[in-house]
Amino acid sequence: MLLLSLIISIAQTHHAAFRQNNLYLYNLNSLVEMSCIAVAYRIELKSSRNKAVIVAGYILYLLVFIYDFSWTHIAGIALGVQRIVMIVYALLYFHYILTNMQVQHLLIHAMFWVSAGAIVHAAGTLFVFLFVKVTLGDLSSNGSYSLYITIVTTFSAFFYIVLLVSFWLRRREFRLVDQMTV
Amino acid sequence: MKLYIAVGTAVLLVMAIFIIVFVAYYQQKQIRQQLILKEWQEKYRKGLLAATLQAQEHERRRIAQDLHDEIGTMLSVTKLSLNQLGRTVEHNDPGSTVLVQKTRSLLDETIANVRRISRDLVPTTLERFGLVSALEELAEKASNGEVHVELSCSDKMPTLLPQLDLTLFRIAQELINNAIKHANAENIIIDLHCQPNGILLSVIDDGRGFDLDEILKDKKRGLGLRNIESRLNVIDGHVTFDVEEGRGSRIHIQVKNLKPEVEVEVETV
Ligand SMILES: Nc1ncnc2c1ncn2[C@@H]1O[C@H](COP(=O)(O)OP(=O)(O)OP(=O)(O)O)[C@@H](O)[C@H]1O
Ligand SMILES: [Mg+2]
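So the sequence lines, in the order shown, correspond to chains A and B. Okay, so the first sequence: first residue is 34 according to the working numbering, each after it adds one. Okay, so the second sequence: first residue is 20 according to the working numbering, each after it adds one.
It should be emphasised that the hints constitute simulated quantities derived from the structure, not laboratory data. Be aware that one or more of the hints could be misleading.
[Unchecked claim] Just a few of them, taken from the derived set where beta-carbon distance is under 10 Å, the chain A residues facing chain B:
| id | residue |
| --- | --- |
| 1 | I92 |
| 2 | L93 |
| 3 | F127 |
| 4 | H128 |
| 5 | V136 |
| 6 | L140 |
| 7 | A155 |
| 8 | T158 |
| 9 | L159 |
| 10 | L163 |
| 11 | F164 |
| 12 | Y181 |
| 13 | I182 |
| 14 | I184 |
[Claimed, not checked] Covered stretches of chain B (chain A as the covering partner; in silico rule of three or more C-beta atoms under 8 Å from a C-beta of chain A):
| id | segment |
| --- | --- |
| 15 | 26 to 33 |
| 16 | 40 to 51 |
Built from N, CA and C at the ideal position, the CB exists for glycine as well.
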């Protein structure tokens, strides 16, 4: 978890620096993001059924990604599918939290915030990417591109901030566990 | 089209936030319920333990009463009739007088034993004069030519709840029994301390000590130490074994909370 969010942050800065020129970075960033999230959830969710769902979602995403990938356009369908899969993951994790009563203090539990951030991020940007032709396809259409790109960046920024916070929470959890075992 | 996208996004967002809030709320509620359940179970277990201990005391009291009232009375009556028999025998058959004398002394001894046993079963001194006197009496009774038991009680003791008194007394009894039975000790010190936040009872002997881990592993071990733990469980006390093979044992009992949650009424005579 610790490393994952760091990598994502680096990817994000990277991607922010080149955003205007290189649209394909959106696609690559999505791939990195998705991979990290899939790994994180696979580690956190213990039951084999959940793991199977996560792997299946990831494979589905990969297939769509390969089919839809392009260096010059935003791969709208792939990104849309990514959002949907992220929502599924987050819901899975919520279900897991509610059925497995392991977490004592939910509000300082890192994975809960990751899931919350992921679900908000995904819900906020799902339609923008699904209908990418209308929203981001046409660079010239009087300012709507910048409007949508602002929406997307805002949600991404929000998600990364949440990730950072949960990264910090997670470190605290580790420290607590350490204290308990000492 | 743009309107649809905006509305769709808004709906999705609201749903997402709703789901998050719902999960957070529901989970906290469940956790709270679980905690309450756990607390309740713990309380129930303690109550059960307390009830068992109380039943044990109750049973002892009943046995002591029966011993004293029935067997004791019967023995007294027997002694009376033996005295009558003795008088008639003296007239008719002076040779049997010795036998009558012997029977009488046996009977006296039995009566004394019955009295002692019925008194030991119920700690009367404890109920009448409190823990310190009871421990003093205990030390006095246990001391003989080989062992010397001493009570050191540095502070003025506050009056404790009868339940606490009884628990501490029974524990001290078992510890002294152990020290005499297993340790081959010469000196045993009962140390009763009143601390600002509780009571410390230590039993220190200079016997041969033992290896606590080994004893705890032993499946066929006696009930004494286990009983101490369950008694302490009821009154939220702690026991520390400062023991080792080859040197005397020090066993400390600490009770912090002088007002136990599980109230048990102890009958008084
Ligand atoms: N003060 C002591 N010195 C040396 N050994 C001890 C002492 N106290 C306890 N032990 C050891 O610990 C063992 C367990 O003691 P415990 O009181 O639990 O059982 P017990 O005295 O054998 O049986 P019970 O108390 O049920 O009659 C004893 O058998 C003895 O070997
Ligand atoms: Mg014993």
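Less than 10 Å between beta-carbons is the criterion; does I92/A satisfy it with respect to chain B? Interface hint status for I92/A: violated (24 Å vs cutoff 10 Å).
Does the closest beta carbon of chain B sit nearer than 10 Å to the beta carbon of L159/A? holds (6 Å)
Have a go at the F164/A hint: is there a Cβ in chain B nearer than 10 Å to its own Cβ? holds (6 Å)
Interface restraint verdict for F127/A against chain B (beta-carbon cut-off 10 Å): holds (5 Å)
Interface hint compliance - Y181/A to chain B, C-beta minimum distance less than 10 Å: Holds, because the Cβ-Cβ distance from Y181/A to chain B comes to roughly 9 Å (cut-off 10 Å).
Given T158/A as an interface hint, is the shortest Cβ-Cβ distance to chain B below 10 Å? holds (8 Å)
Establish whether the coverage given for the segment 26 to 33 of chain B by chain A is satisfied; the threshold is a Cβ-Cβ distance below 8 Å, and no fewer than three residues must meet it. holds (count 4)
Restraint satisfaction for I184/A [CB to CB of chain B, less than 10 Å]: The hint holds - I184/A has a Cβ within 10 Å of chain B, the shortest such distance being about 8 Å.
Take the shortest C-beta to C-beta distance between L93/A and chain B; is it under 10 Å? Violated. Min distance 20 Å.
Cut-off 10 Å, beta-carbon criterion: hint that H128/A touches chain B: At about 9 Å, which falls below the 10 Å cut-off, the nearest Cβ of chain B leaves the hint on H128/A intact, so it holds.
Can you verify the interface hint for L163/A: is its Cβ closer than 10 Å to any Cβ in chain B? Interface hint status for L163/A: holds (8 Å vs cutoff 10 Å).
Proposed interface contact between L140/A and chain B, which counts if any beta carbon pair is under 10 Å: holds (7 Å)
Hints 1, 2, 13 from the earlier list are contradicted by this structure; the remaining hints agree with it.
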